[in-house]
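As a plain string of letters, each chain reads:
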Amino acid sequence: MSTTETTESRARGKAPAGERVADWADGRLGIYGLAKANMRKIFPDHWSFMLGEVCLYSFIIIILTGVYLTLFFHPSMNEVEYHGSYVPLQGQLMSEAFSSTLHISFDVRGGLLIRQIHHWAALIFLAGMFVHMMRVFFTGAFRKPREINWVFGFLLFVLGMFTGFTGYSLPDDLLSGTGVRFMEGAVLSVPIVGTYLAFFLFGGEFPGGDFVARFYSVHILLLPGIMLGLVVGHLILVVYHKHTQYAGPGKTNKNVVGMPLLPVYMAKAGGFFFLVFGVIAVISAIATINPIWALGPYRPDQVSTGAQPDWYMGFSEGLIRVMPGWEINFWGHTLVLGVFIPLMIFPLVLVAIAVYPFIESWVTGDKREHHILDRPRNAPTRTAFGVAWITWYMVLLIGGGNDLWATHFHLSINAITWFVRIAFFVGPVVAFIVTKRICLGLQRRDKDKVLHGRESGIIKRLPHGEFIEVHEPLSQDALHTLTAHEQYKPVEIGPTVDENGVERKVKGTEKLRAKLSKAYYGEESQIPKPTVEEYKEITSGHGHH
Amino acid sequence: MSSQDIPEENLPAAQDAHGAVGVADDKDPFADPGLPPHEHRIQDIDERAAKRSERTVALLFTVSMLATIGFIASYVAIDADQSVYIWPLGHISALNFALGMTLGVSLFCIGAGAVHWARTLMSDVEVAEERHPVASAPEVKAKVLADFKEGAKESALGRRKLIRNTMFGALALFPLSGVVLLRDLGPLPGTKLRHTLWSKGKLLVNMNTNEPLRPSDVVVGSLTFAKPEGLEEHDHDFQKEIAKAALMIVRIQPDNIKDKRELEWSHEGIVAYSKICTHVGCPISLYEQQTHHALCPCHQSTFDLSDGARVIFGPAGHALPQLRIGVNDEGYLEALGDFEEPVGPAFWERG
Numbered sequence: 001m002s003t004t005e006t007t008e009s010r011a012r013g014k015a016p017a018g019e020r021v022a023d024w025a026d027g028r029l030g031i032y033g034l035a036k037a038n039m040r041k042i043f044p045d046h047w048s049f050m051l052g053e054v055c056l057y058s059f060i061i062i063i064l065t066g067v068y069l070t071l072f073f074h075p076s077m078n079e080v081e082y083h084g085s086y087v088p089l090q091g092q093l094m095s096e097a098f099s100s101t102l103h104i105s106f107d108v109r110g111g112l113l114i115r116q117i118h119h120w121a122a123l124i125f126l127a128g129m130f131v132h133m134m135r136v137f138f139t140g141a142f143r144k145p146r147e148i149n150w151v152f153g154f155l156l157f158v159l160g161m162f163t164g165f166t167g168y169s170l171p172d173d174l175l176s177g178t179g180v181r182f183m184e185g186a187v188l189s190v191p192i193v194g195t196y197l198a199f200f201l202f203g204g205e206f207p208g209g210d211f212v213a214r215f216y217s218v219h220i221l222l223l224p225g226i227m228l229g230l231v232v233g234h235l236i237l238v239v240y241h242k243h244t245q246y247a248g249p250g251k252t253n254k255n256v257v258g259m260p261l262l263p264v265y266m267a268k269a270g271g272f273f274f275l276v277f278g279v280i281a282v283i284s285a286i287a288t289i290n291p292i293w294a295l296g297p298y299r300p301d302q303v304s305t306g307a308q309p310d311w312y313m314g315f316s317e318g319l320i321r322v323m324p325g326w327e328i329n330f331w332g333h334t335l336v337l338g339v340f341i342p343l344m345i346f347p348l349v350l351v352a353i354a355v356y357p358f359i360e361s362w363v364t365g366d367k368r369e370h371h372i373l374d375r376p377r378n379a380p381t382r383t384a385f386g387v388a389w390i391t392w393y394m395v396l397l398i399g400g401g402n403d404l405w406a407t408h409f410h411l412s413i414n415a416i417t418w419f420v421r422i423a424f425f426v427g428p429v430v431a432f433i434v435t436k437r438i439c440l441g442l443q444r445r446d447k448d449k450v451l452h453g454r455e456s457g458i459i460k461r462l463p464h465g466e467f468i469e470v471h472e473p474l475s476q477d478a479l480h481t482l483t484a485h486e487q488y489k490p491v492e493i494g495p496t497v498d499e500n501g502v503e504r505k506v507k508g509t510e511k512l513r514a515k516l517s518k519a520y521y522g523e524e525s526q527i528p529k530p531t532v533e534e535y536k537e538i539t540s541g542h543g544h545h
Numbered sequence: 001m002s003s004q005d006i007p008e009e010n011l012p013a014a015q016d017a018h019g020a021v022g023v024a025d026d027k028d029p030f031a032d033p034g035l036p037p038h039e040h041r042i043q044d045i046d047e048r049a050a051k052r053s054e055r056t057v058a059l060l061f062t063v064s065m066l067a068t069i070g071f072i073a074s075y076v077a078i079d080a081d082q083s084v085y086i087w088p089l090g091h092i093s094a095l096n097f098a099l100g101m102t103l104g105v106s107l108f109c110i111g112a113g114a115v116h117w118a119r120t121l122m123s124d125v126e127v128a129e130e131r132h133p134v135a136s137a138p139e140v141k142a143k144v145l146a147d148f149k150e151g152a153k154e155s156a157l158g159r160r161k162l163i164r165n166t167m168f169g170a171l172a173l174f175p176l177s178g179v180v181l182l183r184d185l186g187p188l189p190g191t192k193l194r195h196t197l198w199s200k201g202k203l204l205v206n207m208n209t210n211e212p213l214r215p216s217d218v219v220v221g222s223l224t225f226a227k228p229e230g231l232e233e234h235d236h237d238f239q240k241e242i243a244k245a246a247l248m249i250v251r252i253q254p255d256n257i258k259d260k261r262e263l264e265w266s267h268e269g270i271v272a273y274s275k276i277c278t279h280v281g282c283p284i285s286l287y288e289q290q291t292h293h294a295l296c297p298c299h300q301s302t303f304d305l306s307d308g309a310r311v312i313f314g315p316a317g318h319a320l321p322q323l324r325i326g327v328n329d330e331g332y333l334e335a336l337g338d339f340e341e342p343v344g345p346a347f348w349e350r351g
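Protein sequences appear in the order of chains A and B.
Here the first sequence stands for residues 1 to 545, numbered as in our numbering.
Here the second sequence stands for residues 1 to 351, numbered as in our numbering.
Please note that a few of the clues may not be correct.
[Said to hold, decoys possible] In silico BS3-like links for lysine-lysine, alpha-carbon gap of 30 Å or less:
| hint | chain 1 | residue 1 | chain 2 | residue 2 |
| --- | --- | --- | --- | --- |
| 1 | A | K449 | A | K489 |
| 2 | B | K27 | A | K536 |
| 3 | B | K143 | A | K367 |
| 4 | B | K141 | A | K36 |
| 5 | B | K141 | A | K144 |
| 6 | A | K367 | A | K242 |
| 7 | A | K41 | B | K27 |
| 8 | A | K536 | A | K511 |
| 9 | A | K529 | A | K489 |
| 10 | B | K27 | A | K447 |
| 11 | A | K254 | B | K141 |
| 12 | A | K242 | B | K51 |
| 13 | A | K447 | A | K515 |
| 14 | B | K141 | A | K367 |
| 15 | A | K254 | A | K536 |
| 16 | A | K144 | B | K149 |
| 17 | A | K489 | A | K507 |
| 18 | A | K367 | A | K511 |
| 19 | A | K447 | A | K144 |
| 20 | A | K144 | A | K529 |
| 21 | B | K141 | A | K515 |
| 22 | A | K144 | B | K143 |
| 23 | A | K489 | B | K143 |
| 24 | B | K149 | A | K449 |
| 25 | B | K143 | A | K254 |
| 26 | B | K149 | A | K367 |
| 27 | A | K529 | B | K27 |
| 28 | A | K489 | A | K515 |
| 29 | A | K36 | B | K143 |
| 30 | B | K27 | A | K254 |
| 31 | A | K41 | B | K51 |
[What the hints assert, rightly or not] Partner residues are not named here, just some residues of chain A that face chain B (Cβ under 10 Å, in silico):
| hint | residue |
| --- | --- |
| 32 | I42 |
| 33 | H46 |
| 34 | F106 |
| 35 | D210 |
| 36 | T334 |
| 37 | H371 |
| 38 | W389 |
| 39 | I390 |
| 40 | Y520 |
By construction, these hints were calculated from the structure, which means they are not laboratory data.
Quick reminder that beta carbons are idealized off the backbone N, C-alpha and C, glycines included.
Build the full structure now, drawing on both the sequences and the hints.
Next comes the structure, spelled out in structure tokens:
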């Protein structure tokens, strides 16, 4: 065949080296096929799409710095006397884990920097995932076909929390040890098996000599291994589904508008990795994080005030702090509700947001693919639910830092605790109502703009003395963008009696779905978007301004 | 150089976007007008601007190289224990600051250079790519279902129920081995959580001075932490034992003690309570001498030490266990037994 002939003749020393390497790889991996599909893949551009990138890059940074830290860290709880270069702690008894962390911080050149990059990147990773998740939530990017990827992302967030917890517990310092003790108390509260779980977890009584080594293998191998798999899956699905985009001229549910991976996104995304890394390095140069030398080694009989977990664990801390101390004793057994209820609400808070996409798709009954993102205002009930959830989360964060709120703002800690107890129930409801109203207001404003145009700021005086502001009609681009969203109609149960007067049985779930659908898409929950007729009637009218 | 210096012939043709906005589609003014025309950047039409961008990118990459050299130089030149005054951060580690800043600058400049390059010099023409439905075509589905049926039939799994059932049994059972292997993660609890090192006759040793306490050492209003005699920091089990045995000693005027048993178990108003919070086990460390309230700094459980250490605020579920104390022949404070109830957080078997 002629093609083989040409390739062969070119391979005889004429093809450039890069091509020959690619040929070699193609013969074994079929890379040309992959590259054909992906090299010029189109990605849409929007600032909010970089939030996920922040997470990905901080995850890579955490892995790189984490590997470095394992070269020096000793995951052992053997007690040693400290003789390193940090003078204030010399002669103190501490675990090898703590003393090797001091070694990394004071004796390994650059060790402190890598430690701080590792910890800062972890905080940013979790914060990035939180904000990224909110972006996906509020724009409805979780809808079909992306529900599975939403769940992947959710799992990454939860696993990230526990990887963070096991990580900051490793140095065995006074602060993190207190957090581990809290965890032991929480495990003990589990009915029937709690005591056994605690003994198996700690290899006996707290603190024992095992938990650092056990947390270590969980922190560096088990959890990051699972997370790496999920990250890869997450990315493959992003590429496979193609990225979502906002409505706009030329953008439809059937296309994706943007710029190609090679070269634009290769440079932008690749460059962004360095930007994120650079910023985290500078933060680590100027802002100390987790100064374990100031906290001291862990002792179960010592504690410092203002003890706080890392921010992403703060809401669980809030749950445990504001819960009344209920304890029930019966037949020689203790039900520690004061700890066990918070322990059960902790996953519920997270699951509440995780299952939302499935609830919404059940209510809408919509089986189509969605690639155009919603503006939050155009999905008022979803947006209100999201804000209610954030309010719930933030109220618990306030509860988790009730002592710091008290000391920094000179408030009564009892008052804050009671505020959180009440706001836990009331806050989300208020947030829901307020958000929905705001969304509807914004929808009305959009409708106004479409029908009456944009306020131009030009004031005109008419011959008879009246002052008016000139409104400029919108361009077709803007008109299209503001009216591109689709509005669902509430699901009807339909007549419950057929033409012969025989009653049809209506299932409870069907009724619930109709009710929810009405709450989502009824008259009170969305402003009908302007129609072409309305637009024409108004624009063709005389004397309109 | 300002935009006025651009040669006239390079300027884009004046667009008619200014002034009145026309709606292209009379029938449906909301219809999708399609992708807007590409607007040229200054670099697309003016080679001098493009050259400027090129130099900016090159400068950023060069700064990055210099910063990396700075990183290596700092690593070699600066001592690990050297501190430096940086406004407004104060005295900080010179090495950490130098390494972090140089690393940060070298990375940031690579990123900034790449992004600037992409934004100003690479094509910014927006392209539309078609999407295809994720779900497979009906023919594919039909083929897969047929293949599966064929495969299932050939396996005879549906027909040979005995194989199927025993296989499920085997697969369901074998993970049990893995569960059993976890048994030795720790010993069984037994009654370990019910006992501490305290026993009759054990002296109360001051945590700070490591000396046995006499009643005269404990003055009204003070807070003293104690451990049982014989427990030393170097002991193998120190952490585990102190996690249960840590003691908090205060002296209250006997008239001010409201709880009858508390008074009985005290010595001349000296009362000894477990220091471990009954909520989730933090050591209680804050004492308010006027009100006799002890506060756990972790979750703010507050206990009234003059009233049987009952909980007056916060999430703790029950009072702190009290240790019965007295004075021995030599005048030292001693325990009159172990705690009568388990110390620390509650658990199922506590009762």
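For this session: Hints the structure violates: just list their numbers, smallest first.
Result: Going through the list in order, the structure violates hints 7, 8, 12, 21, 23, 24, 33, 38, 39, 40 and respects the others.
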